Amino acid sequence: MKQLLNDIMFLWSAKPIFRVAGLYLVLFLLLVLLLPWLPLPYNPTALHLDQVYQPPFKISLNEPSKPAHWFGTDALGRDVLAYTLYGARTAAFISLPVMLLTTAIGLVLGTCAGYFANTGLKTSRGRLLLFVLCAGIFLYLGLYIPLQVVSLNLNQRIIFESLGMMLLAVSLLWLVGLRVVEQVPLLRSGVAIPLDRLVLWLIETFTSIPKLVFILVLASFMPPSVVLLSAVLVVTYWTGTARLARAEILKIKQLPYIEAASSLGVPTVRLLFYHAVPNLVSPVLVTFIFGLAGLLAFESTLSFLGIGVPADLVSWGRMMAGIRNNTAAWWLVVFPGAFLVLTVLALQVCSYYYLELLKKRKN
Amino acid sequence: MFFFLLKRLLLALPSLWLIATLIFLLSRLLPGTFGAENILKESGDFYSTGTAAARKAAYASFLHKTYQDLPLFYFSIQAAAEAGTPAANLPEQERKLLKKLSWHYGNEEAVAAYVNCIKELRQELHIRDNAGHLANIEKLYTVTEPEALLATVKETVSNMGNTAPSLTSKLQTSAATLVRRQQPYRAFLPAIYWHGTQNQYHQWLTKLLQGNLGNSFRDNRSVFTILKEAIQATILLLLASMLLTTLLALELGIFLQKQSGRRWRRIILPFLFFTDRIPVFLLALLLLLLFASPDYFQLFPVYGLGYYTGAEENLLQRILFMAPYLVLPIICLVFVNLPYLTNQFYRTMADISHTEYIKTAKAKGLAEGTIIRRHILRNALLPIITLLSDFIPALVAGAVVIETVFAIPGMGSLLVQAVQARDYPVMVGIVLVVALAKIISHLVADFFYTLADPRLRLTAS
Chain A
1 MKQLLNDIMF
11 LWSAKPIFRV
21 AGLYLVLFLL
31 LVLLLPWLPL
41 PYNPTALHLD
51 QVYQPPFKIS
61 LNEPSKPAHW
71 FGTDALGRDV
81 LAYTLYGART
91 AAFISLPVML
101 LTTAIGLVLG
111 TCAGYFANTG
121 LKTSRGRLLL
131 FVLCAGIFLY
141 LGLYIPLQVV
151 SLNLNQRIIF
161 ESLGMMLLAV
171 SLLWLVGLRV
181 VEQVPLLRSG
191 VAIPLDRLVL
201 WLIETFTSIP
211 KLVFILVLAS
221 FMPPSVVLLS
231 AVLVVTYWTG
241 TARLARAEIL
251 KIKQLPYIEA
261 ASSLGVPTVR
271 LLFYHAVPNL
281 VSPVLVTFIF
291 GLAGLLAFES
301 TLSFLGIGVP
311 ADLVSWGRMM
321 AGIRNNTAAW
331 WLVVFPGAFL
341 VLTVLALQVC
351 SYYYLELLKK
361 RKN
Chain B
1 MFFFLLKRLL
11 LALPSLWLIA
21 TLIFLLSRLL
31 PGTFGAENIL
41 KESGDFYSTG
51 TAAARKAAYA
61 SFLHKTYQDL
71 PLFYFSIQAA
81 AEAGTPAANL
91 PEQERKLLKK
101 LSWHYGNEEA
111 VAAYVNCIKE
121 LRQELHIRDN
131 AGHLANIEKL
141 YTVTEPEALL
151 ATVKETVSNM
161 GNTAPSLTSK
171 LQTSAATLVR
181 RQQPYRAFLP
191 AIYWHGTQNQ
201 YHQWLTKLLQ
211 GNLGNSFRDN
221 RSVFTILKEA
231 IQATILLLLA
241 SMLLTTLLAL
251 ELGIFLQKQS
261 GRRWRRIILP
271 FLFFTDRIPV
281 FLLALLLLLL
291 FASPDYFQLF
301 PVYGLGYYTG
311 AEENLLQRIL
321 FMAPYLVLPI
331 ICLVFVNLPY
341 LTNQFYRTMA
351 DISHTEYIKT
361 AKAKGLAEGT
371 IIRRHILRNA
381 LLPIITLLSD
391 FIPALVAGAV
401 VIETVFAIPG
411 MGSLLVQAVQ
421 ARDYPVMVGI
431 VLVVALAKII
441 SHLVADFFYT
451 LADPRLRLTA
461 S
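Chains as they are written, first to last, in this note's numbering: chain A, 1 to 363; chain B, 1 to 461.
In case anyone wonders, no lab produced these hints; they're calculated from the structure.
Treat the numbers as computed from the prediction; the structure is a model and nothing was measured.
Among these hints, one or two may not hold up.
One side of the interface only, derived from the structure: several residues of chain A facing chain B at Cβ under 8 Å [said to hold, decoys possible]:
| id | residue |
| --- | --- |
| 1 | Glu182 |
| 2 | Lys211 |
| 3 | Ser220 |
| 4 | Ala297 |
| 5 | Ser300 |
| 6 | Gly337 |
| 7 | Val349 |
Here are the simulated DSSO-like pairs of lysine-lysine, each with C-alpha atoms no more than 30 Å apart in a straight line [to be verified]:
| id | chain 1 | residue 1 | chain 2 | residue 2 |
| --- | --- | --- | --- | --- |
| 8 | B | Lys170 | B | Lys258 |
| 9 | A | Lys211 | B | Lys7 |
| 10 | A | Lys15 | B | Lys207 |
| 11 | A | Lys359 | B | Lys359 |
| 12 | B | Lys139 | B | Lys170 |
| 13 | A | Lys2 | A | Lys359 |
| 14 | A | Lys211 | B | Lys228 |
| 15 | A | Lys251 | A | Lys122 |
| 16 | A | Lys359 | B | Lys362 |
| 17 | B | Lys7 | A | Lys359 |
| 18 | B | Lys170 | B | Lys207 |
| 19 | B | Lys56 | B | Lys154 |
| 20 | B | Lys359 | A | Lys362 |
| 21 | B | Lys258 | A | Lys360 |
| 22 | A | Lys362 | B | Lys96 |
Not close to chain B: a few residues of chain A, all C-beta gaps over 10 Å, as computed [as the list claims (entries may be wrong)]:
| id | residue |
| --- | --- |
| 23 | Leu23 |
| 24 | Leu128 |
| 25 | Leu167 |
| 26 | Leu173 |
| 27 | Val269 |
| 28 | Leu272 |
| 29 | Ala293 |
Built from N, CA and C at the ideal position, the CB exists for glycine as well.
Sequences and hints are given; from them, build the entire structure.
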């Protein structure tokens, strides 16, 4: 972590272009966070049907009381400036949490797959059996029944009863089950969980069709909603980080200091999180920034196609889609597009310089 | 070689099956299909002429024809209380009450008896045309809690006084039985039902294995025909842009590799790196603005893929006729994918240029062009083939967006339309085609590997 901060400070002082990009990103973040308190003359979703398709930078002289639409208006008279700024907020609020979750999932799965490989994770057959049973109980009492209660609009009491019953059943099963399992020799013998093969197979399955096609198809199954769309994005995006983390851990595992630590008797969890994962930070950071740039572009692509996002969502892609009804209204594409491209560029610049620094250090 | 290819194909099958199954099951798990939305709709449009009963009958026959009245999978797990979902032909209000009461009381016989009593009473009142008491009955459809239920029943019965005394007493006893013999714990017990082969998944899978993808929900045409029509434009677009991108990227990479290109390297490489993530649709819209809008340079047609001329044409004539419509889309796809490929090609070749044998070639005094084209490129071919075969997903994603923007009737725009209309058979068909294309591209890459490297030919055979 300290190394990372040092690197960033070095790049900040040595590379002026990095400084510009970093400054832009900080400003972007501030804008996104503080937007609701900024004194904007128009609400992004307010309609002004008397002033549709106004070109930008035109101040109406006959109505001095009305504030100008600096970036023009769209087909429904919405202010493009306010819409673009709020679009940035939407894009950031979708892509940042998604990328954070994606990185966490990918890191855990990739690290475990790389470290334990196919033979490293051992447990007894009985425990495996108990675990499967508990998972089944969780799926039924913890997931199926509450979902049914919500969708059928039943009494909320049933949810709490069901969750309580789940806790009771799981703890009882675990307490009694473990005793029983230890008595039976057949269940006591150990099995290795082929974690690596499992994760690789999952990755292969999820990447066997292009991401866009997969997300479009998944999005058609659910009502348009930002939360569900984010969930779908997480489900499809974790493979990249997982693959990278797995490959890096395979390399790190060969290093002498890991061998030294494990021969000193450092527990596995401590070994992984204190010694192995910190070495992963820089490559994972690069993929994080790359992924963020990709997600920003992807979110606007999806909202441009109008799939998976609610119809009233303020977003860049939706504004740009308006050009198809009136090809003369160039400001609908140019302003949100420029904002999108600038943000993506700033992210690319940051990761470029950081990558160059890493490469130089390796040689 | 043949067995090797066959093995690859067989190894890819489990993934293909898993993806297709996942999409099929997910698509059927969710309520609200194209049919339900259109056939049962109240407002007057094409689908909803006729009476409510006729609409319901049409919907039932639609469900039957598309196998949607069968259970989804070989088995199902439900709460024991829910045993046997109420038949789909019951009125919505009644079905909901049945379901709710079953969850709360867990005794489906008592529930059915109680709901039946309400129904009979309601029919009786309908015959007598007694509006005041009917409103009372409506209240019974909303209460589910035991005390409230008993109280409402009592109130209703006392309100009705002497109208239909036999039915009201029956209602009262059935309500009392329901409350007395409730088994609420049954909501928490799972029950497994076995459906055998009479289920949607089995029907779908057997048809799929026979090569039948089913019919579209939208226009009831066979999915196979729809895909066959759509795939031509997409293949033309993808092949042309892929060929162009590869050639351009190779030439650009070679140019950057040369001594004379060295000055450009410092500008072009970072530029390519930064422009890597510009979204396709933005580029397409900008091109549309510049070259197709009447305000600027209107050089190319904007939408579609030409019109139907009616004349007999051969393939070449048709392609020539479509060419002006494809110029902008192809330019878009080329420019979007060029940065990544050029960057990778250059890097691969730069790695090879540091090897010993290139040094030897230089020391022999070979010309620079010969070194690059015959020694570096030849050795860079393997990673280049890998890159190109991994390149298909990006191209397909690009095609989806490009075809939507330029309104080209291909697979991409078909997918977007199918998603918007929730036309699942078409979606499953497209996903299978795309996954198959990926497998084929890997097979073709394997074939080219053996062409590029004679050593692989020896080990493969």
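Evaluation of the provided hints:
1. Interface hint status for glutamate 182/A: violated, as the beta-carbon distance to the closest one in chain B is roughly 28 Å, over 8 Å.
2. Given hint, lysine 211/A at the interface with chain B, holds; its Cβ is 7 Å from that chain's nearest Cβ, closer than 8 Å.
3. Interface hint at serine 220/A: satisfied, since its Cβ lies 4 Å from the closest Cβ of chain B, which is below the 8 Å cut-off.
4. With a cut of 8 Å, the hint placing alanine 297/A at the interface with chain B holds, because the nearest CB-to-CB distance is about 4 Å.
5. This hint holds: serine 300/A has a C-beta 6 Å from the nearest C-beta of chain B, less than the 8 Å allowed.
6. Because the closest C-beta pair between glycine 337/A and chain B is about 5 Å apart, less than 8 Å, the hint holds.
7. Proximity of valine 349/A to chain B holds as hinted, the smallest CB-CB distance being about 7 Å (cut-off 8 Å).
8. Proposed proximity of lysine 170/B and lysine 258/B is contradicted: the alpha carbons are some 97 Å apart, above 30 Å.
9. Of the pairs offered as hints, the one joining lysine 211/A and lysine 7/B holds, with about 26 Å between alpha carbons and a cut-off of 30 Å not exceeded.
10. Among the hinted pairs, lysine 15/A with lysine 207/B is inconsistent with the structure: their alpha-carbon atoms are about 62 Å apart, more than 30 Å.
11. A threshold of 30 Å between alpha carbons decides the hint, and for lysine 359/A with lysine 359/B the separation of about 24 Å falls inside it, so the pair holds.
12. A threshold of 30 Å between alpha carbons decides the hint, and for lysine 139/B with lysine 170/B the separation of about 18 Å falls inside it, so the pair holds.
13. At most 30 Å may separate the alpha-carbon atoms for a hinted pair to count; lysine 2/A and lysine 359/A meet this at roughly 19 Å.
14. Restraint check for lysine 211/A and lysine 228/B: satisfied, since their Cα atoms lie roughly 23 Å apart, inside the 30 Å limit.
15. Distance restraint check for lysine 251/A and lysine 122/A: the Cα-Cα separation of roughly 22 Å lies within the 30 Å cut-off, and the hinted pair is therefore satisfied.
16. Restraint check: the Cα-Cα separation between lysine 359/A and lysine 362/B comes to about 27 Å, which is no more than 30 Å; the hinted pair holds.
17. Distance hint between lysine 7/B and lysine 359/A is unfulfilled; the C-alpha atoms sit about 39 Å from each other, more than 30 Å.
18. The suggested pairing of lysine 170/B with lysine 207/B is violated, with an alpha-carbon distance near 51 Å, which exceeds 30 Å.
19. Taking the CA atoms of lysine 56/B and lysine 154/B, the gap is about 35 Å. The hint is violated against a cut of 30 Å.
20. For the suggested pair lysine 359/B and lysine 362/A, the alpha carbons sit about 24 Å apart, so the restraint of at most 30 Å is met.
21. Taken as a hint, the lysine 258/B and lysine 360/A pair is honoured in the structure, with Cα atoms around 23 Å apart against an allowance of 30 Å.
22. Taken as a hint, the lysine 362/A and lysine 96/B pair is broken in the structure, with Cα atoms around 66 Å apart against an allowance of 30 Å.
23. The non-interface label for leucine 23/A is consistent with chain B: the shortest C-beta to C-beta separation is roughly 17 Å, beyond 10 Å.
24. Once the 10 Å rule is applied to beta carbons, leucine 128/A is consistent with being away from chain B; the minimum gap is 21 Å.
25. The beta carbon of leucine 167/A sits about 13 Å from the closest Cβ of chain B, which is more than 10 Å, so the claim that it is off the interface holds.
26. Look at leucine 173/A: its CB is around 15 Å from the nearest CB on chain B, clear of 10 Å, so calling it non-interface holds up.
27. With a cut of 10 Å on Cβ distances, valine 269/A stays outside the contact zone with chain B, its closest approach being about 32 Å.
28. With a least beta-carbon separation of about 29 Å from chain B, leucine 272/A lies farther than 10 Å from that chain, consistent with its non-interface assignment.
29. Chain B draws alanine 293/A into its interface by the beta-carbon criterion, the shortest separation being 5 Å against a cut-off of 10 Å.
When held up to the earlier numbered hints, the structure conflicts with 1, 8, 10, 17, 18, 19, 22, 29 and fits the remainder.
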